Every structure is written in C-alpha cells, then in structure tokens.
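> Spelled out from the first residue to the last, the chains are:
There are 2 protein chains.
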Amino acid sequence: MEEPVNISIDLKLATPAYRQIVDAMRVRLVEEDLKPGQMLPTVRRLAMELSVHFNTVAQAYRELAEEGWIELKHGRGAMVIARRAPRPAENAENSKIFSERLRELVAQMRASGMDALHIAMELRSLAQALER
Amino acid sequence: MEEPVNISIDLKLATPAYRQIVDAMRVRLVEEDLKPGQMLPTVRRLAMELSVHFNTVAQAYRELAEEGWIELKHGRGAMVIARRAPRPAENAENSKIFSERLRELVAQMRASGMDALHIAMELRSLAQALER
Numbered sequence: 065m066e067e068p069v070n071i072s073i074d075l076k077l078a079t080p081a082y083r084q085i086v087d088a089m090r091v092r093l094v095e096e097d098l099k100p101g102q103m104l105p106t107v108r109r110l111a112m113e114l115s116v117h118f119n120t121v122a123q124a125y126r127e128l129a130e131e132g133w134i135e136l137k138h139g140r141g142a143m144v145i146a147r148r149a150p151r152p153a154e155n156a157e158n159s160k161i162f163s164e165r166l167r168e169l170v171a172q173m174r175a176s177g178m179d180a181l182h183i184a185m186e187l188r189s190l191a192q193a194l195e196r
Numbered sequence: 065m066e067e068p069v070n071i072s073i074d075l076k077l078a079t080p081a082y083r084q085i086v087d088a089m090r091v092r093l094v095e096e097d098l099k100p101g102q103m104l105p106t107v108r109r110l111a112m113e114l115s116v117h118f119n120t121v122a123q124a125y126r127e128l129a130e131e132g133w134i135e136l137k138h139g140r141g142a143m144v145i146a147r148r149a150p151r152p153a154e155n156a157e158n159s160k161i162f163s164e165r166l167r168e169l170v171a172q173m174r175a176s177g178m179d180a181l182h183i184a185m186e187l188r189s190l191a192q193a194l195e196r
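Read top to bottom, the protein sequences are chains A and B.
Start counting the first sequence at 65; every next residue gets the next number (my numbering).
Start counting the second sequence at 65; every next residue gets the next number (my numbering).
The set of hints was computed from the structure by calculation and includes no laboratory data.
Treat the numbers as computed from the prediction; the structure is a model and nothing was measured.
One or more of the hints may lead you astray.
Which copy is meant is left open, so a pair is good if it fits within one copy or across any two.
[Said to hold, decoys possible] Calculated lysine to aspartate or glutamate pairs in the DMTMM-like style (CA-CA distance at most 20 Å, straight line):
#1 K160 - E95
#2 K76 - E164
#3 K99 - E127
#4 K160 - E127
#5 K99 - E130
#6 K99 - D87
#7 K76 - E157
#8 K160 - D74
#9 K137 - E195
#10 K160 - D179
#11 K137 - E127
#12 K99 - E131
#13 K76 - E131
The shape of chain A in the complex, shown without the other chains (with noise of 0.2 Å):
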C-alpha cells in the first residue's frame, strides 16, 4: 500500500524544489515513518500533490535511491529498503563538516532574529529525541 509522505514544499525558497523534496523526505526516512518496505506515492501523483512537475519529483526519488533510501520501481512509483549503514572511513570528514554547517545554521538563526534561548530549546529537544 502506498504510504501518504507528508511532507511540503515553498516554491518561494532560493533551494531547489527536488531538494526540498529529498531533505524532507529524508527526515520522514530517518525517523522512520517511513519504513523498509512501504510504498510511495508514484512521481506522478506526489508532483501533482506538491504541484512541481514531475521530472522534479523524479530527480528526488533518483537522488533518493542513490543514497540507498529507496528502490526505484516500474510505473514510477517506488519502495522504502532498509538502508545500509555507511562506511565509517566516511564518517570523519563528513562529521567536521556537518558540525560547521549545524553552526551556520544557528548563526543564521540569530542573524534572522530569532531568541538565543529559543534556538537552544530547540537544540535540546533534538539532543533529546537522539538519546531515546
């Protein structure tokens, strides 16, 4: 059965609509509403839900595939698979360079505006989920 993702886009965003698309999905994937062996939805029916054209949900579910999150189907649809750990050679680089995009992020948040307090409940509410 095919699953509803759930997830929205903001055409008005400068990122690209299919990477809206990916990093939500990917969220959804992560912590796992989105489970091995579950359906989406076709390319088809969640551009017309997004309102994107099709190639763009197409490039998502590509890119999707390519990091091992889902399987590409006929008909365009496409199925959750339970994704391989990746290698931990990976990880060391990778890890300086998420902990310096996480600070720009915050840096953004408080050049935007936002209360430090309240950055930091929601930094800890994710730490916290990440420990259960």
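Fit chain B to the known structure of chain A by using the hints.
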C-alpha cells in the same frame, strides 16, 4: 586595522564558494569574533587567501552588506557595522523554516552514519553556548 577573517572554504562542496564565505563569516559576526568598527580584508586580498576569483568575494561582501553586517568601502574593503536587529514580524515565519532546516540537517548527519549520541552532544554544546 584589518582583521584576519580566519575562514576556510572547500571548493569540492556543492555549496557555491560565495555562499560558503557568507555562511562562515556570518558565524564570526554573530559570535562577535568580528566586531563593529573592525575592517575586513579587501576583496582582492581575501580572494587571494582563499584562492577564489575576486568576484566571488565581492558577491559575498555584497550579500553581507545587504544583511546589514558590513559597510562596503572604496577600494573594495569593508567595515563591520553595528547591525540593527531584524523586525520581530519577520521572525515567526523564519522560525518555522529554520526549525525544519535544523531537523533536516540532523537527519542528514544521521543518514551519513554519524552516531546519534555524538550528534546529541554537539547539539547540547551549541545550546549551552547560546545560554551563556
């Protein structure tokens, strides 16, 4: 006197170089390593230091000037200025987008194989810095 900016960029990343410069400098501005009144290197000098075209640095400086962090000077230098806090009206919408990006970034970190507890620790240490 010119302040060394101490940033580094990675031309192998998908993120454009000018964006990396903006993001990295914004961290230093928000964290007040760079303070109002301090001079930044000229466009040409920073371009040389980072091995990028001077237009790349010029674009980054223009963006930081638009965000209200720096004032561009003749001869393509720039001075850090006291930034007016953004209007609260802009924040509610921003806040939701940033929270989503934070969640997406954490999902990317986990997807790359980083240990959940390690990520949690980083989040907590960022939170702690904000609470000071």
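> Could you run down the list of hints and mark each one as holding or not?
Hint-by-hint comparison with the structure:
no.: 1; hint: K160 - E95; result: between (22 Å within a copy, 19 Å between copies)
no.: 2; hint: K76 - E164; result: between (26 Å within a copy, 15 Å between copies)
no.: 3; hint: K99 - E127; result: within (18 Å within a copy, 41 Å between copies)
no.: 4; hint: K160 - E127; result: neither (23 Å within a copy, 25 Å between copies)
no.: 5; hint: K99 - E130; result: within (17 Å within a copy, 44 Å between copies)
no.: 6; hint: K99 - D87; result: within (16 Å within a copy, 35 Å between copies)
no.: 7; hint: K76 - E157; result: between (32 Å within a copy, 13 Å between copies)
no.: 8; hint: K160 - D74; result: between (29 Å within a copy, 12 Å between copies)
no.: 9; hint: K137 - E195; result: neither (35 Å within a copy, 49 Å between copies)
no.: 10; hint: K160 - D179; result: between (26 Å within a copy, 13 Å between copies)
no.: 11; hint: K137 - E127; result: within (14 Å within a copy, 43 Å between copies)
no.: 12; hint: K99 - E131; result: within (15 Å within a copy, 41 Å between copies)
no.: 13; hint: K76 - E131; result: between (26 Å within a copy, 19 Å between copies)
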